[in-house]
Amino acid sequence: MLLITCPYCGVERPEIEFRYAGEAHIARPAEPSKLTDEEWAEYLYMRTNPKGLLAERWRHAHGCGRFFNAIRDTVSDRFVTIYKMGEAKPDLERLVVEAAQ
Amino acid sequence: MTQDFRTSAGGRIDRSSPVDFTFDGKAYRGFAGDTLASALLANGIHLVGRSYKYHRPRGIITAGSEEPNALVGIAREKGQNTPNLRAPQVEIYQGLNAESQNRYPSLSFDVGAVNDLLSPLFVAGFYYKTFMWPRSFWQKVYEPFIRSAAGLGKAPTDPDKDRYANHYAHCDVLVIGSGPAGLAAATAAAQSGARVILCDEQSELGGSLLHDRTSAVDGKPAVDWAADAIRALSENDKVTLLPRTTGFGYYAQNFVALAERVTDHLANPDPRLPRERLWQVRAKEVVIATGAIERPLVFPENDRPGVMMAEAGRIYLNRYGAMAGKRVVIATACDTAYRTAVDLKAAGVDVAVIADLRPDPAGVHVDAARSAGIRIEGACVVTGTKGRLRVKSARLGRIRPDGSVTAMGEEACDSLLMSGGWTPNVSLYSQSRGKVAWDEDAGAYLPGASVQHERSAGSCHGVFGLQAVLEDGYAAGENAARAVTSAAKRPKVPAVTGGEEGAGGTLGALPHDRDPARVRAFIDFQNDVTAKDVKLAVREGFHSIEHIKRYTTTGMATDQGRLSNMNALSVASKTLEKPIPQVGLTTFRQPYTPVTFGTFATTARGEAFDPVRRTPMHDWAVEKGAEFEDVSLWKRAWYFPKPGESMHDAVARECATVRESVGIFDATTLGKIEVVGPDAAEFLNRVYTNPFLKLGVGRLRYGIMLNEAGFIMDDGVVGRIAEERFHVTTTTGGAPRVLAHLEDYLQTEWPDLNVWLTSTTEQWAVIAVQGPKARDVIAPLVEGIDLSTESMPHMSVREGKICGVPTRLFRMSFTGEAGYEINVPASRGREVWDAVWNNVEAVGGAPYGTETMHVLRAEKGYIIVGQETDGTVVPDDVGMDWAVGKKKADFIGMRSLARPDIVVAGRKQLVGVLTNDPKVILEEGAQVTAEASPALKTPALGYVTSSYYSSALGRSMALAMIADGRGRMGDTLYVSTAEGAVAVEIVSPVFYDAEGGKQVA
Amino acid sequence: MPEKSVYSANAHLSPIVVTSNVRVEEAAPLVRLSLRGGEAAASHAGASIGAPLPLEPLTSTMADKAAAFWLGPDEWQIAIQEGDATAVFERVETAMADTPHSLVDVSERNRALIISGPKAAWLLNSQIFLDFDEAVFPVGMVTRTLFGKADIMLWRQSEDIFVLEAWRSFMPYVIELLQEASRELEAA
Ligand SMILES: [Zn+2]
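If you're matching them up, the sequences are chains F, G and R in order.
In this text, residue positions in the first sequence follow our numbering: the first is 1, and each later residue adds one.
In this text, residue positions in the second sequence follow our numbering: the first is 10001, and each later residue adds one.
In this text, residue positions in the third sequence follow our numbering: the first is 20001, and each later residue adds one.
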C-alpha cells in the first residue's frame, strides 16, 4: 500500500484514502462548441500514457476531499512530487535529470 | 506409549506437565512445551507423511517452518480442518488430534505408493506430458484423478467458525526474527528510544540461542542471556514482542504483514480470543534477522524417515529433550554438524560416525568432536540408506582424489543427520524487491542493495558465528534507530565464548558408486523432485531457473524452496555448464509461509463484509414482513407480501393501491446534495442538461446529468429552496459518484465559482406518499403549508412542519400519480412515518416497495439510470431531448451530443413493447429481432430493458432499446424467450396516463 | 480546556463496550453545521460560536459546549451542544451574511461515538490505519479517514478519549466491529 502525501492536509496517508483521477493539466476547453470533432476527441480521449514521469490528478477522497496533482513515475510507482491544484506543472525533463543525479 | 527417545533431563519442556494427544488416531504423550514434531520424535516416530507424487514414506526433516514432509491436518471439530500445518510449528495441547496427509488408507500401508514403482512415468514435467491429450479427457478423467490422488491435505468442509482479528501498527523499527541477531537489533533499537516491534514465527523468542548448550554471552549461558534480553525488552513499553508471529509479506514503503497465531496452541481457547491476527505494520525501518537454513545433502535414498537435518537433531535434543535416534550417523560437509554430534554424545546417544565430505576436516568444532571420542571419517560420503519405514543403516563410500567413490560398507543407525552447509534466508529481502547477489566466498546468494528502508542482520546475510552475529545485530539495530531518531545510542556488545562459525558446505548432488538409473536422490522432498528430474529438464531445453522450477515443480513447496533451491540450482548449473549466478535464482514472493484465508479476510465477512446501510424506517418494514433487496450498500424494502401472497400478487396489489388510493414508500436512500452559494444556479446550469438559471424559489425541476462524453450518468429532482440554496437528489447508487463528479468540476475547472456541495443524504429521512388520496392523507399533519394545487402545484417545494417536525415538502411524482416526498430530519423519520402510515392505512392505502415503484414508473415510461441506460445512452436515445436546454451555451457533455456517432441515424431508442400474448412477461436483457428465427450472426435490433406485469394495463408490458425504435411504432418484432421467439408490438413507452393529468391534479 | 466538552455520552443509552480499559459510548445528540467557504466566512462563524475556526490543517478549536473541526482547506464542521438546530443555524448564518459561503445543517447526518480509556487507540487500530502515537496524532487533531470500509471523522479529544463520527447508516457497522475487536479485551 503506497503512502501519498496530501498537499492540503500536509500528511502522508495510505493510498486507500485516495482516488486516482486521470492525467493532469488537461483543461476543459473554454468554448467546447467551437471545437472540431477531432479537437473534441483529442480533449476527451487522448492521453500521453508515458513510461516514466506522468502528471496526474489524485483526490484525497476519504480525507479532505481535495483534488491535487502529482508527478508519479509509472515505472517505479514512486511519487516524485505533489502539488496543489492551480500550481504550475513542474518541468518533467528537469525532474528526470534530478532523479538521475 | 513411552517416550523412549526422551532424554532424562534438560530442554525447555515442562516435564511436570504431561500432554496427551493423538496422531492418526493413536494416543501419545508429550510435555508442555513440545511441538508435535518433538513429541513424536520423543515417542520414536519419524514416519509422518507420504510424499506428494510417489507416496514414499517420509519423516520429519527439519525443526522449522521450512519442513517439507511433516505436514498435518488439525481439526478441533468436524468440518473445521486446517491442512498443511507444519509439525515442527504445531505446539501440542491436551487433546490435540493431528492427522497425517497424503496417505490412504494408512501411513504404513499406502496404495498410492504404487506410483513409486511406476516412477518412470512421473518424471520431470509429468503433469504436462501425461495430462495433455486428448483434450476431452481433461474434465472427466484427468482432473478427477489428479484431485483424488494429489493435493496436499484436506480442505475444511464447513464455514470457518473461528474469528480473525486485524491490527494496524506503526513502529520505528520492525525486527523480524528473534534469534541472536534479531534480539541484539531489537535491544539496540529499544535502547535508543525507538518504537520497536519484534516478531518471530516460533512459539518462543530466542531462535538458535534456545538450543545453544555450549556458548556463553556476557558470561551467562546463551539461553539465559536471551531470557534476560527478552525480559528487558518486555519491560519497555515502547517495545511490542510478538512470538508465534510470522512476517509473511513485505510490501511497498515498508508495509509489512505479520500473521499472529493467537490460540492455536491452546487446549481450550477463550472464544472471545481471535484465532489469528493480521498485523498490518508500517515500519520506518526494518531489520530482517531471519537466519539461515541448513541444506540437505543430495544422496541416494536421502528421503528415508530417520534422515534429518543435523541442526534439527540438535534443536530437538537441546530444546525439547527429544533424541532423533539412539545410534546416529552424521553426514556433513560443514562444521556445525559436529556441534550436534558433541551434544548427542553428551546426552548419551551413540554417534556411530561423522562422515565428512571434506578430506581433512579441522577446526574448533571438529576438535571438540574428536576429543569427545567420536569417530570421524574424512572424504566420506553417504551413498544410500536402507530400511523400510525408517532408516536402518547408511551406506558409506570413500571419495577418491579423482572424484570416484568406493564402497566402505554399511553403518547401522536409526537416524542419519545431515548438513550440506547453510543457505542465508533471503526470502523477505527478496520480497522487498531487493536483488540478491551471488557471493562467491560465501557460496550463497546474499542481499544486495536495499531498495526499501531495511537492512539484514546475522546469518540471513551471510554473517555466522555467535560473536559476529551479535555484533551485526547490535549494529543493525543501532543504525535502524539512527535513521529515525537522533538519540540513537551506541550499544555495548557483549562478549561471547563458544559459538564459533562453522566452516564448510556443499551444493548439489553428491558422488556415489550406485547405478544412476536405479537410485533417486531427492532435492525437493515435498514435490518429489530428484536431481535426475532437474537434469532431465535441462536436457529437454529448460534453461532458465524459472522454467525449470515450473517444469519440475522444484521449489514450489510450502517453503517456496528455501530448503531445496540451492541444490536444484547447483544441479542445473552443472548440467548447463554455467556458473550459478548466470542461472539465477527464482523470486521469493509473499506469503513467506502459507497464511489462512481467515487471516486475510480478518473481520470482513458476513454482516461486516461491507457496511449494510439501513434507513430510519427499516425496522417498520421488517415488522410489516417486507422482503428486501440490496441497492448499492442499502437494504431497501422490495415488496410487502401479505400472508399467502406471492411476489406477483403483492406487487399487483401495491400498484393498484397506489393508482386507486394511496401508497407510502421509503425514499430515504436517494442521494441528496445541498448546493449552496451565490453561483449555485450557474453551477447547476453547467452540470445539468436542463436550464436552471430561471428556476424559481420553491420550484422543482427534473434534471439529467451527462458525463463529458454526452452519456447519461445520473438523474434526479432539484429543488430551489432559496435564491442561493438548492436541494439536489440523485439515484441511490449514484450518490457518491455524482458528488465526486461535481466536486471534480468545481475544484479543478471552475474554482472561481462561489458554490459549495454538502452531502445531506443521511440528514433527511424521505417518505414518499403517492396516489389520488396523497394530499388528503398528509394534509391533517402539515402545518404552515398550503397544499392546494393552486398554491403548491406539481413540481414545487415548501418548508414547514409535519407532525411538528421541520420538513422540506416536495410535491413530485415518480409514479404518475399526484404525490409528495416528505423530507424530515433522519432521527424523526420513524415518528413521522408512523403518523403518515396511520392516515394511509385509514383510507385503505398500503406500503409499497421498490418493485412496485419500478412498475409504476415503467408504466409512465420513466427511465431508471442503469436500467434503461448503460453508459452509452444520450438523452435523445431515451426520448428526453426535451430535457436538454437548446439555448444553453454549454453544459457538461453538450459538445458530445453533436458528435457524428451521436447524431447518426440508427441509434437505439427507448420504446414500449407489448407481447401479442398479454400473459407473457419478457425477460429483461432479452434480444429483440426483426424475424422470429433470424439467420446466425444477424445482429439484434436491441434488447428489453425493463419488463413487468402491469395491473393498470391488466397485462404485461416492457421497455426496450431498439435501433430506430421511434420509427417502428406499430411494427411487429420478435423477442427471444426460453420457449422460443415471441411476437411483440412496438408502442410508445408511456403506457399509462399519457396526458399526465393525474400527477398534476 | 473548556469546562464541558461538546461531546457527552448519551445518558439514555447503555454503553456499547465496557471493559476494564476501554469504553465505547454513543454521544448525545448535538447540532452540527457544515461550513464551506473562505477564511473570512470562517472568521465570522468563529465569532458567532465563541471559538475561532481552526485554519491549520487537521486541527480543532474548543469553546464551552462547542468545537470546530478543520476538515479541508475550505471546510469546517461546527459542533454545538444546544437543543435547537434551527436557532443555531440562523445565528451562524446571519453572522456570515455578507460573505460567500455555504452553511448546511448536518446535525442528523452523523452519529458520534466516544471511545475512551487506555486501550482506546488500540481498539481503533483494529480498523483504522492511522498512527495514534501522540507525536503523530496529538490531542486536538481531527481528520477524516476510513474505519474499515466506512468513512469517518476522528477527533482526539484528550490522550485517551477519541470521538468518532460517521454517517448514521454506517454506524451499526462501526459499532459491530468495535464490539468484535473489544471481545478479546474481556478475555485478557
Ligand atoms: Zn487532504
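These aren't lab readings, by the way, just hints derived from the structure by calculation.
Treat the numbers as computed from the prediction; the structure is a model and nothing was measured.
Just so you know, even glycine gets a beta-carbon here, dropped at the ideal spot from N, CA and C.
Among these hints, one or two may not hold up.
Claimed, not checked - Calculated pairs, DSSO-like style, for lysine-lysine (alpha carbon to alpha carbon, straight line, at most 27 Å): (1) G:K10386 <-> F:K34; (2) G:K10238 <-> G:K10284; (3) G:K10887 <-> G:K10694; (4) G:K10887 <-> F:K34; (5) G:K10220 <-> G:K10489; (6) F:K51 <-> F:K89; (7) G:K10694 <-> G:K10435; (8) F:K84 <-> F:K51; (9) G:K10161 <-> R:K20065; (10) G:K10026 <-> G:K10238; (11) G:K10694 <-> G:K10886; (12) G:K10489 <-> G:K10386; (13) F:K34 <-> G:K10937; (14) G:K10532 <-> G:K10574; (15) R:K20149 <-> G:K10635; (16) G:K10887 <-> F:K51; (17) G:K10284 <-> R:K20149; (18) G:K10386 <-> G:K10345; (19) G:K10886 <-> F:K34; (20) G:K10284 <-> G:K10345; (21) G:K10326 <-> G:K10026; (22) G:K10284 <-> G:K10326; (23) G:K10888 <-> G:K10694; (24) G:K10998 <-> G:K10801.
Said to hold, decoys possible - So, partial list: chain F residues that the calculated Cβ filter (under 8 Å) puts toward chain G: (25) L2; (26) Y20; (27) S33.
Each hint, compared with the structure:
1. G:K10386 <-> F:K34: violated, 90 Å
2. G:K10238 <-> G:K10284: holds, 15 Å
3. G:K10887 <-> G:K10694: holds, 13 Å
4. G:K10887 <-> F:K34: Holds: K10887 (chain G) and K34 (chain F) sit about 15 Å apart, inside 27 Å.
5. G:K10220 <-> G:K10489: holds, 24 Å
6. F:K51 <-> F:K89: This hinted pair holds, its Cα atoms lying about 18 Å apart.
7. G:K10694 <-> G:K10435: violated, 66 Å
8. F:K84 <-> F:K51: Holds: K84 (chain F) and K51 (chain F) sit about 24 Å apart, inside 27 Å.
9. G:K10161 <-> R:K20065: The hint is violated at about 46 Å.
10. G:K10026 <-> G:K10238: Not OK: K10026 (chain G) and K10238 (chain G) at ~46 Å, beyond 27 Å, violated.
11. G:K10694 <-> G:K10886: Holds: K10694 (chain G) and K10886 (chain G) sit about 14 Å apart, inside 27 Å.
12. G:K10489 <-> G:K10386: Roughly 57 Å between the alpha carbons, so the hint for K10489 (chain G) and K10386 (chain G) is violated.
13. F:K34 <-> G:K10937: Answer violated: K34 (chain F) to K10937 (chain G) is near 41 Å, above 27 Å.
14. G:K10532 <-> G:K10574: At roughly 12 Å apart (the allowed maximum being 27 Å), K10574 (chain G) and K10532 (chain G) satisfy the hint.
15. R:K20149 <-> G:K10635: holds, 17 Å
16. G:K10887 <-> F:K51: Violated: K10887 (chain G) and K51 (chain F) sit about 44 Å apart, past 27 Å.
17. G:K10284 <-> R:K20149: With Cα atoms ~26 Å apart, K10284 (chain G) and K20149 (chain R) stay inside 27 Å; holds.
18. G:K10386 <-> G:K10345: With a Cα-Cα distance of about 23 Å, the restraint between K10386 (chain G) and K10345 (chain G) holds, given a limit of 27 Å.
19. G:K10886 <-> F:K34: With a Cα-Cα distance of about 16 Å, the restraint between K10886 (chain G) and K34 (chain F) holds, given a limit of 27 Å.
20. G:K10284 <-> G:K10345: violated, 46 Å
21. G:K10326 <-> G:K10026: holds, 23 Å
22. G:K10284 <-> G:K10326: Cα-Cα ~49 Å, so violated.
23. G:K10888 <-> G:K10694: Distance ~12 Å between K10888 (chain G) and K10694 (chain G) Cα, so the pair holds.
24. G:K10998 <-> G:K10801: Holds, at about 26 Å.
25. L2: Where the cut-off is 8 Å and the nearest Cβ of chain G is about 6 Å from L2 (chain F), the hint holds.
26. Y20: Violated, because the Cβ-Cβ distance from Y20 (chain F) to chain G comes to roughly 12 Å (cut-off 8 Å).
27. S33: The hint holds - S33 (chain F) has a Cβ within 8 Å of chain G, the shortest such distance being about 6 Å.
This entry does not satisfy hints 1, 7, 9, 10, 12, 13, 16, 20, 22 and 26, going by the numbered hints stated previously.
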